[in-house]
Amino acid sequence: MAFDQETRTRLQKFVGDARKLLSDEFTQQLQNTYGLDPVTGGVASLSDLPALSPTDQQTAQLLRDTLEHYLASSHKADSHKDIALVTATLERIVREQSFTVLNRLTALRMAEARGFIMGAISPDPEDPTKPPKGFQLYQRIAGGSLGETGQAYQHYLFSVFDELSLDLAVLFDRYSSQGRLFPRETVLLELLDLINHAEL
Numbered sequence: 000m001a002f003d004q005e006t007r008t009r010l011q012k013f014v015g016d017a018r019k020l021l022s023d024e025f026t027q028q029l030q031n032t033y034g035l036d037p038v039t040g041g042v043a044s045l046s047d048l049p050a051l052s053p054t055d056q057q058t059a060q061l062l063r064d065t066l067e068h069y070l071a072s073s074h075k076a077d078s079h080k081d082i083a084l085v086t087a088t089l090e091r092i093v094r095e096q097s098f099t100v101l102n103r104l105t106a107l108r109m110a111e112a113r114g115f116i117m118g119a120i121s122p123d124p125e126d127p128t129k130p131p132k133g134f135q136l137y138q139r140i141a142g143g144s145l146g147e148t149g150q151a152y153q154h155y156l157f158s159v160f161d162e163l164s165l166d167l168a169v170l171f172d173r174y175s176s177q178g179r180l181f182p183r184e185t186v187l188l189e190l191l192d193l194i195n196h197a198e199l
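One point on numbering: in numbering that gives the first Met the number 0, the residue at position 80 of the sequence shown is 79, and numbering is uninterrupted.
Calculated directly from the structure, the hints in this document are not laboratory data. Fair warning: there could be bad hints in the mix.
[What the hints assert, rightly or not] Pairs of lysine-lysine residues, derived as BS3-like cross-links and limited to a Cα-Cα distance of at most 30 Å, are as follows:
(1) Lys129 - Lys12
(2) Lys132 - Lys19
(3) Lys80 - Lys19
(4) Lys19 - Lys129
(5) Lys132 - Lys12
[What the hints assert, rightly or not] Here are the computed distance ranges between Cβ atoms for each label pair:
(6) Lys80 - Leu167: 29 to 35 Å
(7) Glu184 - Leu136: 18 to 24 Å
(8) Thr6 - Leu167: 44 to 50 Å
(9) Ser44 - Glu5: 46 to 52 Å
(10) Gln60 - Gln135: 32 to 38 Å
(11) Val169 - Leu48: 29 to 35 Å
(12) Gln150 - Gln27: 15 to 21 Å
(13) Arg139 - Phe115: 18 to 24 Å
(14) Thr185 - Ser46: 27 to 33 Å
(15) Glu162 - Arg94: 25 to 31 Å
(16) Leu136 - Gln27: 28 to 34 Å
(17) Asp16 - Pro124: 20 to 26 Å
(18) Asp16 - Ser175: 23 to 29 Å
In this text the structure is predicted, and so the values were computed from the model without any measurement. All C-beta atoms in this analysis are idealised placements derived from N, C-alpha and C, irrespective of residue type, glycine included.
Kindly produce the complete structure, drawing on both the sequences and the hints.
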């Protein structure tokens, strides 16, 4: 069944809003956490980032490896010194990370709607003030072992990604170079509001 123009326009607005939200978030993460600046093209040495956790150090290295790979594939001499090329490449990395997260979460929402998975990102249909049913079950099993609600919810989503990656690794592999970043809790909640909007 073809979408009418109004539906197409609404979906386009959703994708644009979600992409901007995630792009802003991941640009900040690159600047503030990983020492990569898509605005100025600055790339800090990993030795200048001693406060990173081991997981964040791995992510920082992977982001640098991705940057190196893309710069090398430009076949341009001294590509590291071409600030415009470095900023464009870092912006590409931000776009890839943003679309991966958006695609993962919208795929979860569509799987929920079709009954393939228990509610993972939409509120409990019986009581919209409660979190998704799948997360409620996960919390009961995990108890307080995974930290505050926001941390526990991130762990829950990661476990759903890991389960689905067994069959759909291209989309759900959390360790792929295009899908290492994840939005902070406040941004994630904004994104879920966009995905769960009644018009969609």
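Hint by hint, here is what the structure shows:
1. Lys129 - Lys12: 27 Å, holds
2. Lys132 - Lys19: Roughly 29 Å between the alpha carbons, so the hint for Lys132 and Lys19 holds.
3. Lys80 - Lys19: The hint holds at about 28 Å.
4. Lys19 - Lys129: Given that 30 Å is the threshold and the Cα spacing comes to 27 Å, the pair holds.
5. Lys132 - Lys12: 28 Å, holds
6. Lys80 - Leu167: 29 to 35 Å: 40 Å, violated
7. Glu184 - Leu136: 18 to 24 Å: 20 Å, holds
8. Thr6 - Leu167: 44 to 50 Å: 26 Å, violated
9. Ser44 - Glu5: 46 to 52 Å: Since Ser44 and Glu5 have Cβ atoms about 51 Å apart, the given range 46 to 52 Å holds.
10. Gln60 - Gln135: 32 to 38 Å: 37 Å, holds
11. Val169 - Leu48: 29 to 35 Å: This hint holds: roughly 30 Å between Cβ atoms.
12. Gln150 - Gln27: 15 to 21 Å: The hint (15 to 21 Å, Cβ to Cβ) holds, given that Gln150 and Gln27 are roughly 19 Å apart.
13. Arg139 - Phe115: 18 to 24 Å: Between Arg139 and Phe115, where Cβ atoms are some 22 Å apart, the hint holds.
14. Thr185 - Ser46: 27 to 33 Å: With a Cβ separation near 31 Å, Thr185 and Ser46 satisfy 27 to 33 Å, so the hint holds.
15. Glu162 - Arg94: 25 to 31 Å: 27 Å, holds
16. Leu136 - Gln27: 28 to 34 Å: 33 Å, holds
17. Asp16 - Pro124: 20 to 26 Å: 24 Å, holds
18. Asp16 - Ser175: 23 to 29 Å: 25 Å, holds
Comparing the model with each numbered hint stated earlier shows that hints 6 and 8 do not hold.
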